[in-house]
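Visitor: Note that UniProt numbering gives residue 67 to position 67 of the sequence shown, counting from 1, and the numbers run on in steps of one.
Quick caveat, the hints were computed from the structure, so don't treat them as lab data.
Heads up, a few of these hints could be off.
[To be verified] Lysine to any residue pairs mimicking SDA-like chemistry, simulated, CA-CA at most 25 Å apart:
(1) K102 x G84
(2) K164 x K102
(3) K293 x M234
(4) K278 x G296
(5) K293 x L265
(6) K246 x V198
(7) K79 x N108
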Amino acid sequence: MVFQWTPTYNCGGQNALGQATLTKQIHVQAKSSVDTSTIHEIDEKINYLERPAHVDTDRFIEEISKSKPFFPIPLHNPKPLREGERVHLECRVEPVGDPTLKIEWFFNGKALPSGSRFQVKHDFGLIVLDITTAYPEDTGEYTVRATNHLGSSHTSACITVIGKSGVVSETQHPEGLQKIQHLEDSSRYKRDQFEDTVITQLPTFTKPLHNIETIEGSNIHLECRLAPVGDPTMRIEWLVNGAPLKVGHRFRPAFEFDYVALDILSVYAEDSGVYTCKATSSLGQAVTSCTVKCTGRSQII
């Protein structure tokens, strides 16, 4: 719908000599029912503010980073700490707000190990390292390095952590300690009949060793029986060709009650020889021997 309006305007003039009149019509036609035009220039301002911002990154960095990093407040050596205490290192770096600035921590020249105990912060030029629980192995030089596109700088501090002198052995519950000592007293469990037993028998092998022939790579088992049983002074020694048995994971001796044995795993030809078991007590000694013959694989037809 278009609204039209045609008003008539009259203009008249009069003096002593007469009068005159002028009539004029004006035709007005509306553009629409609502006038959306504005008499202000605010639209241009709004459009300018709402347009996507364009930032010259290189120029922005250049304005902020006009120098390489430096530490106006460096790290300081803290006083010696005791094991278990908290460590706090703090310094300040400039320029502040440099988007290219990179912060790195080092311990004795190597990258700081990662872990829950090490808490690193960098905020508005403040650099902090907290170690929640310090140990003696944390003793050393800590260095923080700041790097940007213009260069780098660093500052260091030394930390000393004093370990505890030892484990605290004092108990906080004396009555409980006495009870534990009472339970751990092995003398309470000794049978009375052994307390009065006196060993008067010389060592004797009731079952001697027997000769063995085998091939290289197999396992052998040497076994004998010994009396008396329960002699606290009894000692067992194994000999090979008169020399003490070599110590190694392949040689596994055993001695329990009257049972004496020697297991050799994966025997070689050089393991061949005379094996002797010698039992010695406070009253004397006894021996039993056998021959072990191991044939090498190259000799097997």
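Visitor: Now tell me, hint by hint, if it's right for this structure.
Guide: Here is what the structure says about each hint:
1. K102 x G84: Cα-Cα ~31 Å, so violated.
2. K164 x K102: violated (37 Å)
3. K293 x M234: violated (29 Å)
4. K278 x G296: violated (28 Å)
5. K293 x L265: Status holds; Cα separation ~14 Å.
6. K246 x V198: violated (34 Å)
7. K79 x N108: holds (18 Å)
Hint violations for this structure: numbers 1, 2, 3, 4, 6, all remaining hints satisfied.
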